[in-house]
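I would like the entire structure built from these sequences, with the hints used as guidance.
FYI, the numbering used here numbers position 703 of the sequence shown as 704, with every residue one higher than the one before it.
Please keep in mind that the hints were generated in silico from the structure rather than gathered at the bench.
Cβ atoms here follow ideal geometry from the backbone N, Cα and C, with glycine treated the same way.
Take these hints with a grain of salt, some might be off.
Label pairs and their computed distance ranges (CB to CB) [what the hints assert, rightly or not]:
no.	residue 1	residue 2	range
1	Pro36	Ala136	32 to 40 Å
2	Ser284	Trp697	37 to 45 Å
3	Asp147	Phe643	52 to 60 Å
4	Asp649	Leu611	27 to 35 Å
5	Met371	Ser202	40 to 48 Å
6	Phe643	Asn570	43 to 51 Å
7	Ala265	Lys55	51 to 59 Å
8	Leu813	Phe871	12 to 20 Å
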Amino acid sequence: MKLLISSTLLVSCLLSLPLAAEDDSKGPLSWDHLPALPDEEGFAGTFAGIVSSKQTAKDYLVVAGGANFPKGRPWEKEKNPEKVYYDLAFKLEMGTEDAVWEKLEGPLGQRVGYGMSVILPSRGSSLFIGGKAEAATDAVWEVAVDGSGALRFTPRVKYPMPIAEGVAGVVGNKVIVVGGVTNNEGRGFRTVQEAYFLDTSKDEREWAWEALPWIEAAENKTWEDYLWSIKKKARGRAYAVSGVRSDQFYVFGGRDYAVSTDPAPERVHQEKLDILSDCYVLSLKGPKPAWKRLADLPRGMSAAPSAALPVGVSHLLMVGGVSAQYWRQQFEDRPDLNGAGDLHPGFERTVWAYDTMTDTWASAGELPQMAGGVPVAVPVTTPVVEWKKKFIVPTGEIKPGIRSPQILVAEVQKLDSKLGMVNWIVVGVYLAGMVGIGYWFMRRQASATTEAYFRGGQKIPFLVAGLSIFATVLSSITFMSIPARAYGGDITWYIGQLAMLVLIPVVVFFYLPFFRKLDLTSAYLYLERRFNLGVRLFGSFSFMFAHVGRIAIVLYLPAVALSAVSNINIYAAIIIIGLLCVVYTVMGGIEAVVWTDAIQAVVLLGGAILCFILVVTRLDGGIGELFSIANSDSKLLQNLTFEWNIKDGTTTGLVIFLAFGFNSLVQYTSGQDVVQRYVTTKDIGGARKSLWTTMWMSVCFSIVFFLLGTALYAFYKTQPALLDPAMERNDGILPFFIMQQLPAGVAGLIIAAVFAASQSSISSSLNSIATAWTKDVDSRLVRPKASDEDYLRAAKWVVIIVGLLGIGGAALVAAANIKNAFDTFMGIIGLATGSLGGIFAMGVFTRRGNGRGAMIGAVTGIVVVGFIKFADKIGIVAEKIQVAGILNAFVGFTSCLVVGYLASLATGGGTERGEELSIHGKTGA
Numbered sequence: 002m003k004l005l006i007s008s009t010l011l012v013s014c015l016l017s018l019p020l021a022a023e024d025d026s027k028g029p030l031s032w033d034h035l036p037a038l039p040d041e042e043g044f045a046g047t048f049a050g051i052v053s054s055k056q057t058a059k060d061y062l063v064v065a066g067g068a069n070f071p072k073g074r075p076w077e078k079e080k081n082p083e084k085v086y087y088d089l090a091f092k093l094e095m096g097t098e099d100a101v102w103e104k105l106e107g108p109l110g111q112r113v114g115y116g117m118s119v120i121l122p123s124r125g126s127s128l129f130i131g132g133k134a135e136a137a138t139d140a141v142w143e144v145a146v147d148g149s150g151a152l153r154f155t156p157r158v159k160y161p162m163p164i165a166e167g168v169a170g171v172v173g174n175k176v177i178v179v180g181g182v183t184n185n186e187g188r189g190f191r192t193v194q195e196a197y198f199l200d201t202s203k204d205e206r207e208w209a210w211e212a213l214p215w216i217e218a219a220e221n222k223t224w225e226d227y228l229w230s231i232k233k234k235a236r237g238r239a240y241a242v243s244g245v246r247s248d249q250f251y252v253f254g255g256r257d258y259a260v261s262t263d264p265a266p267e268r269v270h271q272e273k274l275d276i277l278s279d280c281y282v283l284s285l286k287g288p289k290p291a292w293k294r295l296a297d298l299p300r301g302m303s304a305a306p307s308a309a310l311p312v313g314v315s316h317l318l319m320v321g322g323v324s325a326q327y328w329r330q331q332f333e334d335r336p337d338l339n340g341a342g343d344l345h346p347g348f349e350r351t352v353w354a355y356d357t358m359t360d361t362w363a364s365a366g367e368l369p370q371m372a373g374g375v376p377v378a379v380p381v382t383t384p385v386v387e388w389k390k391k392f393i394v395p396t397g398e399i400k401p402g403i404r405s406p407q408i409l410v411a412e413v414q415k416l417d418s419k420l421g422m423v424n425w426i427v428v429g430v431y432l433a434g435m436v437g438i439g440y441w442f443m444r445r446q447a448s449a450t451t452e453a454y455f456r457g458g459q460k461i462p463f464l465v466a467g468l469s470i471f472a473t474v475l476s477s478i479t480f481m482s483i484p485a486r487a488y489g490g491d492i493t494w495y496i497g498q499l500a501m502l503v504l505i506p507v508v509v510f511f512y513l514p515f516f517r518k519l520d521l522t523s524a525y526l527y528l529e530r531r532f533n534l535g536v537r538l539f540g541s542f543s544f545m546f547a548h549v550g551r552i553a554i555v556l557y558l559p560a561v562a563l564s565a566v567s568n569i570n571i572y573a574a575i576i577i578i579g580l581l582c583v584v585y586t587v588m589g590g591i592e593a594v595v596w597t598d599a600i601q602a603v604v605l606l607g608g609a610i611l612c613f614i615l616v617v618t619r620l621d622g623g624i625g626e627l628f629s630i631a632n633s634d635s636k637l638l639q640n641l642t643f644e645w646n647i648k649d650g651t652t653t654g655l656v657i658f659l660a661f662g663f664n665s666l667v668q669y670t671s672g673q674d675v676v677q678r679y680v681t682t683k684d685i686g687g688a689r690k691s692l693w694t695t696m697w698m699s700v701c702f703s704i705v706f707f708l709l710g711t712a713l714y715a716f717y718k719t720q721p722a723l724l725d726p727a728m729e730r731n732d733g734i735l736p737f738f739i740m741q742q743l744p745a746g747v748a749g750l751i752i753a754a755v756f757a758a759s760q761s762s763i764s765s766s767l768n769s770i771a772t773a774w775t776k777d778v779d780s781r782l783v784r785p786k787a788s789d790e791d792y793l794r795a796a797k798w799v800v801i802i803v804g805l806l807g808i809g810g811a812a813l814v815a816a817a818n819i820k821n822a823f824d825t826f827m828g829i830i831g832l833a834t835g836s837l838g839g840i841f842a843m844g845v846f847t848r849r850g851n852g853r854g855a856m857i858g859a860v861t862g863i864v865v866v867g868f869i870k871f872a873d874k875i876g877i878v879a880e881k882i883q884v885a886g887i888l889n890a891f892v893g894f895t896s897c898l899v900v901g902y903l904a905s906l907a908t909g910g911g912t913e914r915g916e917e918l919s920i921h922g923k924t925g926a
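Now the structure itself:
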């Protein structure tokens, strides 16, 4: 034990040392080069994609088609320059240091450039669509590679019209193509106001392009806007930039032929072009596809490499491009060369970041002048290829009429933040204090017997017990994930907290009398007395299984906070936080756990309130601006509905109320970690007061966590340039704000609150698992005649072993990169313990429920929840059953209760114990 304590403190000291400074970086991207194309000129308007061989597991970058000026620059009239289109392809094996390009002649069957490219990961191929030379083409090619590395260009179903210069992307298995230009009856080209999709999940012989609605131009903020949008469609556009996030397809900017040559802010009248700034998103979620107007670009942009780079949790990055203002300036600088020439400075280097959550644009740095010791030229009219979290920008036009064979490659890099010595001192004092409390209670003999270790001598004040329950249930799940959810969505889930007004009275008047009058240490002893030993063991093991998973999730969240604000490895953070929890739980028992919980509840609430105040003070308009933005962007309760919807993402008030109500009911009536608090107070009156305390704290203070997320949204909505596009987890938004905006010391205090939120739940789970094991398994089955000292020693070892399992589980969660740990946590708890809540309810409320019925009901509940979650994955049903994960506890609870009761009736009904140990008997009176 001494070795464990010493090792933990040593790791704390090492982690708190200041870290070496790193070089500042411009923006969220780090740039480098791949081998250049084997062509002196390079090309504009190429196709590009990744193809994969299943036989060899090799990936290849393919670049095909395009155009250049091999005989001279467009302004060198004496050389009779001619724009030449190509029927070529180049192939480069990826992931090999000494790879070289291979060149193929004539794979397309025609000279073509400026088409659209998409990658089809499920098929290991890429799709090249359309293009032009003298005229546009409707040809479509699927490019694949065989086991020998040979490329195959297979013609596929033709596009509905000749098309070029449009944008494309893949959403699920659907290839979406929007806009572009088509042939204009022998007079050049015209932009189109059409969009189509191709479902590639079907057999290619059944492929067919299907029409999508064209973009509506109005913002749809008022009824008049909506009516206007029916009449007014967005302009056709070429050289726009597409983007894909989740199941949404984005279109940014582009250009259209000008209706006149009159000067206008976004018009290049010399070229008779309008550069567009309007942006849109196509959602495929609903019964039919629908467009929505987004925030405009800071200025009209066209011809940037497409598609936009999806980085972090919510950003799309648009690299470079050409604005009307920049283009006109080049005409003014070199009017005799139409703005071109060798002295052209190259295209704009700005990287524009669009945040899909706040609907805002901001500059995210620039392309560097050098990368890997090689100059970087900014390309336009070229595709972007994504491969293994890298973004490849092949060749492209770097000045009017000038191409480059360069192959740029970008990777996302996180902005570097340091916690700082002052903040480390604050956090260190807090962590040392928690361990000190455990040590103090150990010295007071609070862990000298199992009675003291598990029940604290039944001398805990009701207020402390109430704070402990509040901290145990809410934990870092609330402190981290609820603000993250409100930031990315709204506060509709607060409706679920109101269920406490119904839940707590039920617990106080129907469940609590059994737990106190039967003088239980393990809640599952009630199940043996009411049913049988098998039901008790089922309940105990279900709880222990669920809470090992709970420890992992709750431990993961503060580790995310720590890794987000410093460059300490997330796995190191998980280890140190977990070990400290194990130390003070082993030393001080339940009394140390309850008192540290109470302290942590105060720190937790104080930190949340302080952070909310600090966010609001950084808004120019204060609280008024906060609610103005929240109201206009539907961040409050505007999305709350009354239609019956049980799918993921539901905003139905009754569904949310039931989901949260039953999740809490399971915890408050069958969770050893909460029930154990009921028997730490002096009497049943103190236990009741502790529950009333928890109820009002949950209802009144949980809104702070939701509004904190809303405040963060308002802040970054007004200051989008302060966001880190590379932030990988939505749960990191609060610690990111803490380190970015709060002064030294204050930031450390809030980070300490994050630790407090986590450790309160972890320590409670550790002690309650040790209690369940000792009382339900060790002393009941394994060693019924062992001494109290033996049981106490075993309990402490259980804490250590379970703590290590939780640390390992947290590391797995981090490796899985779970975006919303709160949803995951709710799903785990519902899957494992929904049935357990149903068993307790059947015991308390029915006379005729029996042991066999309880077990049948419990198994049924687990099977039903498991079927809903996994039936599609194991091939029982074709598609996922649409039931929200937050309803797992409700489904498990009700399935167990209904089936269990019917099974009890079918197997003979109840016994005398059913009368005595339910609300119908004297014990429940």
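State the violated hints by number, sorted upward, taking the hints as numbered earlier in the document. none
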